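Enquirer: Chain residues, written in single-letter form:
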Amino acid sequence: MNGIIEGIYNFYEGIGMPAALLPLLPFLTVIALVFAIIFAITRLLVKKRIMHTKTASFYMFVSVWVIGFLLFTVGPMIFSFYISFTKWEVVSDPQWIGLGNYKMLFKDTLFYKSLSVTFYYTLVSVPLQVILSFAIAILMNLKLRGIYIFRTIYYLPTLVQGVAQMVLFIWIFNPNVGLVNSLLRLVGIEGPGWFSSPDWSMPAVIIMSLWTVGGNMIIYLAGLSDIPQSLYEAAEIDGATAARKVWHVTLPQISPILFFNAVTSMIGAFQTFTQGFMINGGPDNSLLFYAYYLYQNAFMWFKMGYGSALAWVLFVIILIFTAIVFRSSALWVYYETEQNGGRKRRVRQKRA
Amino acid sequence: MSVKKERNSTKKKVHWLAYLLLLIGSVVFLYPFIWMVSASLRSLEELAASGMSIWPEHWRWGNYAKALTAFPFPQYLLNTVITTILPIIGTVLSCSLVGYAFARFKVKGSGFLFVLVLSTMLLPGEVTMIPQFILFKKLGMLDTLYPLIVPAFFGSAFYIFLMRQFYSRLPVGLEEAAIIDGCGYFKIWRTIFLPLSKPALMAVGVMVFMGSWNNFMGPLIYINSDKWKTLTLGLAGFQGTYATDTNLLMAAAVVITLPCILLFFSAQKAFMEGLTFSGSKES
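As you go down the protein sequences, you meet chains P and A in turn. Residues in the first sequence are numbered consecutively from 1, following the numbering used here. Residues in the second sequence are numbered consecutively from 1001, following the numbering used here.
If you're looking for bench data, these hints aren't it; they were derived computationally from the structure. Keep in mind that this is a model prediction, so the values were computed, not measured. Any given hint might turn out to be false.
Stated by the list, open to error - Listed next, the in silico EDC-like pairs over lysine to aspartate or glutamate satisfying Cα-Cα at most 20 Å (straight line): (1) Lys1137/A - Asp93/P; (2) Lys1013/A - Glu6/P; (3) Lys1138/A - Glu236/P; (4) Lys1011/A - Asp93/P; (5) Lys1138/A - Glu233/P; (6) Lys54/P - Glu1175/A; (7) Lys1269/A - Glu6/P; (8) Lys1066/A - Asp1245/A.
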């Protein structure tokens, strides 16, 4: 494979292609070749009446994704699984060490630290995010005047992302002149050191994550407006209070969305990276997020084998947690029967 | 009558309470935002003494000029624009085509393949990160922008799913006339489905923009030389070397965020469509 790529590379270099394009051209050539082969095969099958034109077109179109899937997901997964059993520092050849990396992992105190940091963050921030965004969405759903302005204001912070957000919050949590401690000083409290304190750096990151609940809020708001008014009217006739209406009508109706959102937020939280990177893992490794520790191993210390083992452990953890949430969903997620599908569709079209 | 009156008055009270809570919340949510902008316009001395106030005494627009010359801003901006625009084009085209195939062709194997597409959404990027790095290394694409662009042209699960849902809702007879006229399926996609799906494509485009513009881990792994660095790398490096020049740091953060805000206000509907899609029960 390497030889072929090199051969094509040399060919393009020989005919005087611009240097900036040179890495791309061999890749494009191979991909074009693969497409040509798929096209030829499906054409042949259609001509021999083994395959219908429609089926052939389907596979032609979907092959765009399938090739990417094989190249960027399946291939890498197999390779990653293999190198997780090797010692490999990139410059030398991978060296088979069996379960060595996984055994090392269980003795690695930083591995446990990064796990506990990531669990701490996920288990505290995700429920808080869900509750806060749901509460705001309920308030917004009261059909108040000027709600669009509020909606925009609450959504705005989500536009400050990643590095910019972290830069801003390192400043906001500055122990001396930061916004938070200035506010606390107004009410006579001397605030903690936040990002410079092992105990307070995680609360700072969690508070930061709550600043961007606007995205979730919009999602819930859309779900809330999908709930049929008749259910509320029926509850009102039965004399239900506002709180009971939320508990017995709103919550069951919106539980599938809460569920979906909780799963995706959880998976996202397990992969938190930038917050750890920007503060170099925090004081005392208090912000040594799992993904950051993985990055350190793979791309700073070039321990590719160990990094891959870490990645697979993360994958298994995410699978287990997703399975638990899915299992528990039978207890608290309420799904309506299929026949109501038509109504929602109409509501959505009206809204659009 | 009196019951109704009482109910109305409690309703009014609830509304006032909701207004009050939302107003307090607005201040909390908006304050850091305004604070960032105002910090970017102050001198360092003023910053240290300003406490919670948000009105700069002297508006120092010069901070922006200083911040943007602290690193090769035009070069980084260009790289960021390239690694944002091309992935948008790639994702929109590939996901539209694949989504169309999944929505309109019920053939053998399509159901299984679609489940496969959805299952990739559960896979954390970390698992494929290291081997992908090796792959791009073998292809000679390290320290170029290609690793940040090329994968987008092969579609990604969530957007394929979104496009499929959109195309499934279009009426069944839509392509029939074209088929009778002898149109190929590719032409049907290009001339009928692609133009019709503009709102969904906008939603996808906006989401890809936000992801690519703010992408940090990708450039961090693949790019070393100044020539190819993006704005997020520039800002992170800035934080590392000029951590004490908070006003300049905030100016740079504002500049990075500004395009996202402008896009939001010019394409609010597309933003909301993408978000509400992930909140709809049918999804």
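Enquirer: Is Lys54/P within 20 Å of Glu1175/A, Cα to Cα?
Expert: Holds, at about 13 Å.
Enquirer: Holds or violated: are the alpha carbons of Lys1011/A and Asp93/P at most 20 Å from each other?
Expert: Not satisfied, since the Cα-Cα distance of roughly 72 Å exceeds 20 Å.
Enquirer: What's the verdict on Lys1066/A and Asp1245/A, does the C-alpha distance respect the 20 Å limit or exceed it?
Expert: holds (11 Å)
Enquirer: CA of Lys1137/A to CA of Asp93/P, is that 20 Å or under?
Expert: holds (15 Å)
Enquirer: Tell me if the straight-line CA distance from Lys1269/A to Glu6/P falls inside 20 Å.
Expert: Status violated; Cα separation ~48 Å.
Enquirer: Starting from Lys1138/A, check that the Cα of Glu233/P is at most 20 Å away, please.
Expert: violated (64 Å)
Enquirer: Straight-line Cα separation of Lys1013/A and Glu6/P no greater than 20 Å?
Expert: This hinted pair is violated, its Cα atoms lying about 75 Å apart.
Enquirer: Holds or violated: are the alpha carbons of Lys1138/A and Glu236/P at most 20 Å from each other?
Expert: violated (67 Å)
The structure fails hints 2, 3, 4, 5, 7 (numbered hints given earlier, in ascending order).
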